[in-house]
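Quick note, the sequences are listed as chains A, B and C, same order.
In terms of the numbering used here, the first sequence opens at residue 1 and continues consecutively.
In terms of the numbering used here, the second sequence opens at residue 448 and continues consecutively.
In terms of the numbering used here, the third sequence opens at residue 628 and continues consecutively.
What the hints contain is simulated information worked out from the structure, not anything from laboratory work.
Hints are supplied without guarantee of correctness; some may be wrong.
Here are the simulated lysine to any residue pairs, SDA-like style, with alpha carbons at most 25 angstroms apart [to be verified]:
{"hint": "1", "chain 1": "B", "residue 1": "Lys560", "chain 2": "B", "residue 2": "Glu518"}
{"hint": "2", "chain 1": "B", "residue 1": "Lys515", "chain 2": "C", "residue 2": "Cys861"}
{"hint": "3", "chain 1": "B", "residue 1": "Lys580", "chain 2": "B", "residue 2": "Val568"}
{"hint": "4", "chain 1": "A", "residue 1": "Lys434", "chain 2": "A", "residue 2": "Asp336"}
{"hint": "5", "chain 1": "C", "residue 1": "Lys757", "chain 2": "A", "residue 2": "Lys191"}
{"hint": "6", "chain 1": "B", "residue 1": "Lys580", "chain 2": "A", "residue 2": "Lys198"}
{"hint": "7", "chain 1": "B", "residue 1": "Lys608", "chain 2": "A", "residue 2": "Lys198"}
{"hint": "8", "chain 1": "B", "residue 1": "Lys482", "chain 2": "C", "residue 2": "Asn796"}
{"hint": "9", "chain 1": "A", "residue 1": "Lys379", "chain 2": "B", "residue 2": "Lys619"}
{"hint": "10", "chain 1": "B", "residue 1": "Lys619", "chain 2": "B", "residue 2": "Ser462"}
{"hint": "11", "chain 1": "A", "residue 1": "Lys379", "chain 2": "B", "residue 2": "Lys608"}
{"hint": "12", "chain 1": "A", "residue 1": "Lys191", "chain 2": "C", "residue 2": "Ser666"}
{"hint": "13", "chain 1": "A", "residue 1": "Lys379", "chain 2": "A", "residue 2": "Gly397"}
{"hint": "14", "chain 1": "A", "residue 1": "Lys198", "chain 2": "C", "residue 2": "Gly920"}
{"hint": "15", "chain 1": "A", "residue 1": "Lys434", "chain 2": "B", "residue 2": "Pro477"}
{"hint": "16", "chain 1": "A", "residue 1": "Lys144", "chain 2": "B", "residue 2": "Glu468"}
{"hint": "17", "chain 1": "A", "residue 1": "Lys136", "chain 2": "B", "residue 2": "Pro477"}
{"hint": "18", "chain 1": "C", "residue 1": "Lys869", "chain 2": "C", "residue 2": "Arg846"}
{"hint": "19", "chain 1": "B", "residue 1": "Lys608", "chain 2": "A", "residue 2": "Glu97"}
{"hint": "20", "chain 1": "A", "residue 1": "Lys229", "chain 2": "A", "residue 2": "Ala50"}
{"hint": "21", "chain 1": "A", "residue 1": "Lys198", "chain 2": "A", "residue 2": "Val248"}
{"hint": "22", "chain 1": "C", "residue 1": "Lys898", "chain 2": "C", "residue 2": "Lys877"}
{"hint": "23", "chain 1": "C", "residue 1": "Lys695", "chain 2": "A", "residue 2": "Lys229"}
{"hint": "24", "chain 1": "C", "residue 1": "Lys695", "chain 2": "A", "residue 2": "Gly397"}
Output of the computed footprint for chain A on chain C, the stretches with three or more beta carbons under 8 angstroms from beta carbons of chain A [to be verified]:
{"hint": "25", "stretch": "631 to 644"}
{"hint": "26", "stretch": "792 to 799"}
{"hint": "27", "stretch": "869 to 881"}
{"hint": "28", "stretch": "891 to 899"}
Just so it is clear, the structure is predicted and the values come from calculations on it, not from any experiment.
Backbone N, C-alpha and C define an ideal beta-carbon position, used for all residues, glycine too.
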Amino acid sequence: MGRKLLLEHVDVPGIETYDVYRNHGGYKSVEKALKTMSPQEVVEEVQKSALKGRGGAGFPTGMKWSFLAKPEGVPRYLVCNADESEPGTFKDRYLMEKLPHLMVEGMITSSYALGANTSYIYIRGEYMFVLEILEKAIAEAYAKGWLGKNILGSGYDLDLYVAPGGGAYICGEETALLESLEGKRGNPRMKPPFPAIKGLYGCPTVVNNVESLCTVVPIINIGADEYLKIGTEKSSGTKLISACGNLVRPGVYEIEMGITVEEFIYGDEWCRGIANGKKIKALIPGGSSVPILPAHLITKTAAGETRYMSYESLSDGGFASGSMLGSGGFIVFDEDQCIVRNTWNFARFYSHESCGQCSPCREGTAWMEKVLHRLETGKGNMRDIDLLADINKKIEGNTICPLGDAAAWPVAAAIRHFREEFEWHVTHPEEAVKRNYGLLKTPEITL
Amino acid sequence: MISTLETQAKRPPFSAEKMEEVQGIIKQFPEGRHKSALLRILHIAEEEFGGWLSPETMDYVAGILNIKPIEVYEVATFYTMFNLEPTGKFVFEVCRTGPCMLVGSDDIIEYIKTKLGISKVGETSADGMFTLKTAECLGACGYGPMLQCGKQYHEHLTPEKVDALMDEYRAKYTSTNSQN
Amino acid sequence: MIKVTIDDIEIEVEEGTTILNAARMIGGDVVPPAMCYYSALPGTGGKCRTCLVEVAAGSTKDPRPMPKLMVSCSTQVMDGMIVKNKTSERVIENRAGVVEFLLANHPLDCPVCDQAGECDLQNLGFENGKEATRYEEERRTFEPIDIGDHIKLNMNRCILCYRCVHVANQLTDQRVHGALHRGDHTEISTYIEKAIDNDFSGNMIDVCPVGALTDRTARFKSRVWFLNPMNATCECTKCSGKAVVWMFGKEVYKVTTRQDKYGEVEQVDGKPQWLCDECRFDKKDVSKWTIEGARHIDRHSVISQGHYEKPNPLDNKPKNIK
Ligand SMILES: Cc1cc2nc3c(=O)[nH]c(=O)nc-3n(C[C@H](O)[C@H](O)[C@H](O)COP(=O)(O)O)c2cc1C
Ligand code: SF4
Ligand code: SF4
Ligand code: FES
Ligand code: FES
Numbered sequence: 001m002g003r004k005l006l007l008e009h010v011d012v013p014g015i016e017t018y019d020v021y022r023n024h025g026g027y028k029s030v031e032k033a034l035k036t037m038s039p040q041e042v043v044e045e046v047q048k049s050a051l052k053g054r055g056g057a058g059f060p061t062g063m064k065w066s067f068l069a070k071p072e073g074v075p076r077y078l079v080c081n082a083d084e085s086e087p088g089t090f091k092d093r094y095l096m097e098k099l100p101h102l103m104v105e106g107m108i109t110s111s112y113a114l115g116a117n118t119s120y121i122y123i124r125g126e127y128m129f130v131l132e133i134l135e136k137a138i139a140e141a142y143a144k145g146w147l148g149k150n151i152l153g154s155g156y157d158l159d160l161y162v163a164p165g166g167g168a169y170i171c172g173e174e175t176a177l178l179e180s181l182e183g184k185r186g187n188p189r190m191k192p193p194f195p196a197i198k199g200l201y202g203c204p205t206v207v208n209n210v211e212s213l214c215t216v217v218p219i220i221n222i223g224a225d226e227y228l229k230i231g232t233e234k235s236s237g238t239k240l241i242s243a244c245g246n247l248v249r250p251g252v253y254e255i256e257m258g259i260t261v262e263e264f265i266y267g268d269e270w271c272r273g274i275a276n277g278k279k280i281k282a283l284i285p286g287g288s289s290v291p292i293l294p295a296h297l298i299t300k301t302a303a304g305e306t307r308y309m310s311y312e313s314l315s316d317g318g319f320a321s322g323s324m325l326g327s328g329g330f331i332v333f334d335e336d337q338c339i340v341r342n343t344w345n346f347a348r349f350y351s352h353e354s355c356g357q358c359s360p361c362r363e364g365t366a367w368m369e370k371v372l373h374r375l376e377t378g379k380g381n382m383r384d385i386d387l388l389a390d391i392n393k394k395i396e397g398n399t400i401c402p403l404g405d406a407a408a409w410p411v412a413a414a415i416r417h418f419r420e421e422f423e424w425h426v427t428h429p430e431e432a433v434k435r436n437y438g439l440l441k442t443p444e445i446t447l
Numbered sequence: 448m449i450s451t452l453e454t455q456a457k458r459p460p461f462s463a464e465k466m467e468e469v470q471g472i473i474k475q476f477p478e479g480r481h482k483s484a485l486l487r488i489l490h491i492a493e494e495e496f497g498g499w500l501s502p503e504t505m506d507y508v509a510g511i512l513n514i515k516p517i518e519v520y521e522v523a524t525f526y527t528m529f530n531l532e533p534t535g536k537f538v539f540e541v542c543r544t545g546p547c548m549l550v551g552s553d554d555i556i557e558y559i560k561t562k563l564g565i566s567k568v569g570e571t572s573a574d575g576m577f578t579l580k581t582a583e584c585l586g587a588c589g590y591g592p593m594l595q596c597g598k599q600y601h602e603h604l605t606p607e608k609v610d611a612l613m614d615e616y617r618a619k620y621t622s623t624n625s626q627n
Numbered sequence: 628m629i630k631v632t633i634d635d636i637e638i639e640v641e642e643g644t645t646i647l648n649a650a651r652m653i654g655g656d657v658v659p660p661a662m663c664y665y666s667a668l669p670g671t672g673g674k675c676r677t678c679l680v681e682v683a684a685g686s687t688k689d690p691r692p693m694p695k696l697m698v699s700c701s702t703q704v705m706d707g708m709i710v711k712n713k714t715s716e717r718v719i720e721n722r723a724g725v726v727e728f729l730l731a732n733h734p735l736d737c738p739v740c741d742q743a744g745e746c747d748l749q750n751l752g753f754e755n756g757k758e759a760t761r762y763e764e765e766r767r768t769f770e771p772i773d774i775g776d777h778i779k780l781n782m783n784r785c786i787l788c789y790r791c792v793h794v795a796n797q798l799t800d801q802r803v804h805g806a807l808h809r810g811d812h813t814e815i816s817t818y819i820e821k822a823i824d825n826d827f828s829g830n831m832i833d834v835c836p837v838g839a840l841t842d843r844t845a846r847f848k849s850r851v852w853f854l855n856p857m858n859a860t861c862e863c864t865k866c867s868g869k870a871v872v873w874m875f876g877k878e879v880y881k882v883t884t885r886q887d888k889y890g891e892v893e894q895v896d897g898k899p900q901w902l903c904d905e906c907r908f909d910k911k912d913v914s915k916w917t918i919e920g921a922r923h924i925d926r927h928s929v930i931s932q933g934h935y936e937k938p939n940p941l942d943n944k945p946k947n948i949k
């Protein structure tokens, strides 16, 4: 068994209630931070732990915290990004649903570190039932004196609220999230200025993922030195992986960084192999936005080295033969799955979720969706494959926010590794449709 | 379809009790930042006023927050959770994104269509009970195929499970409606 | 003052100047096209991505090149920055890409569009586009609608620059239209039928870079190149009263603001010379105006260059257009 820092007590009955959580060591990090550490010391501890943001980009959390502007007389905000909508990712919901007090505790300790007196958890609107769970935990925390005025007699005040979105993947992008939290359309802002300088209501703001903020709790509890002993040199600690697709046992797992990909897919403790005795065809290791890996690059890198579950090993080989750990959305494809169809599905997703502000993303994602749909349903031609690659290049890097890139990369990677399958769809249109849909008619497309 | 009487009943204003809840939400945000409460109030308004946001409802919400009606329309049309047209009593939102597709969401969508006797996603069954919609990844990818109905998630769907669900919701509707 | 070099031309500008405005101070070919930025409307820019440029050196202090192309309308210059516009292959290639995107869902109905001849998109396509579009999919379509008595909205032509939304926000006190829905379904609309009728709403027509918002009070069918634009003034308590009156013979066809060569409303002492709706829509009698003389159209435009009749990339219609 690997070490569990977040999910250690997840199976304890009643852990979602205050008393049980507290009896299992809950709120200790708040006590430790508020009673024995200055805010700056908390920031330094997190910096030392080398925690990388768990929302997808992997930006060092402590460094982000140290960038927060602190002008006199201006409030600062901590906003938790609980918008979790990257296809393949469902770890944040698991954390908040099962361990709502861990989320609240992470918010308190982190808000203290940043000097925020009002903090928000922005949660996707579809998770309304999780919002209710969180609000219950927050009410308990207020009642027990962990929130509100003069917490633990330290003189530190904190109010914590949960605010729902309304159905928009783009609101996971931090500046779109802030717009949404201000009651507007989720249109990403241009950067600079970064949220650390001008964020919520124009005030300095830190936006962090649910898992990042929850991980602050064990880091403060056990100390950065101890935390650094877990994981690999470049990927410290543990990470939640949400595994899905054609697996025997999909689900949310906390792994120590650095176990092998092979062990994670086939190990008894984890996913237990491919469902229905089939073979693996491809893997998307970090959520729909990261490049897909073909079978021969999953457990080994292009150089023939073992592939590990870590930031550095999954990206070994760059985009040519590697991928990314991303948000930890681990999507496994069995031998019968169609890459073209899946690529179209994701392209449709990104087109549906584009905010529509900037022209390359708005028009480009919709165009790719249409071309891929033609290919997928056996109405494409060879030119379309190159056209896709070119549309891709024209979107990538030319947009306001990274959604454009997130839409472009998976298409580029699919064509790079599975070009033959795209071509087969052109040369064998009827078989392609039959294989994908069996007895089904062409699926209905509604955007 | 929703009867005229029902729609009449489900119109603004909020009850005193709901209004208090709404005012509480507005207070979660700093002075002058009350617009931040918009999304949450729209969710409440939708629930209170017949499951959709009519122009009247949106104008009413604009009034509460003292913002322009167009600011509400802009927001309500941006977010896919808000229904801008009346729906059936229960809305089944089936996730259709990649990971769910890998485990058979297309078949579930087809099955529900057949069961409801509708030809397209977005339509409502003839008895006005169920509307079928599709949704993008709902954060339950490891437990697909899945659907959301109201605040409830239903996971690991099979045709049998869908049948049972429909019966369950029908029964729920009948029991709540025979009470009053 | 700080120094910046654009396409090998050096210029000194004040700190805080954007690359686009620095380029406009030089003028000519080094000026990137701008479809959404509008100097008189703070907050515009960043959306269309036509103004992308390459930053070959960030500054004297940090001379590394910027990896991505930057939007010149919203990127401030730094001392010692080196920018490439027309001299960058990458810019030319990617800008052509942006043009193709902007035209992807554009109806290409120039022959019947009122804006033909003074359309920024037409010019953009002519100067920066490729020969033919590769877009073969069905285009999204909307019905043209009248938003009040004065303005017609043809959403098919809209490029979602958001300028008109900023006009409504900044010049009027009751914005009734905005951007609805999202992604490629985004549309400019009032949602429920509402008339846009406000003292300064007519300026939306002038800021619209394409023929999406047009003047319903324009009095008869005509193409701009048959009209004589005249500088004219009138006494007005609400606005500057400085206008261009577009004449056909002795008749006033339409009234617009005076625009500079970038298609933006002229400013006097930093004040944009907007027109009120009364001057724009109601004064169609030449006696209401004092004519100052012919207006010199120095805009980078197909009207002034007279090359509208030449084969044009926009004529290259894909097959599936009905
Ligand atoms: C299109 C898009 C969607 C995103 N969605 C999420 C999300 O659902 N959850 C999340 O935590 N971060 C998401 N991010 C990343 C955030 O912008 C941001 O980097 C993150 O919340 C920072 O937190 P971290 O440093 O703790 O990871 C998204 C980014 C983009 C560009
Ligand atoms: S890249 Fe896409 S999602 Fe991001 S701002 Fe542009 S249109 Fe919106
Ligand atoms: S109508 Fe014209 S001004 Fe308004 S967004 Fe569209 S193109 Fe821009
Ligand atoms: S893909 Fe269906 S819940 Fe994530
Ligand atoms: S003018 Fe710069 S992005 Fe549109």
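Checklist entry - Which of the listed hints are broken here? => result 1, 2, 5, 6, 7, 9, 11, 13, 14, 15, 21, 22, 23, 25, 26, 27 and 28
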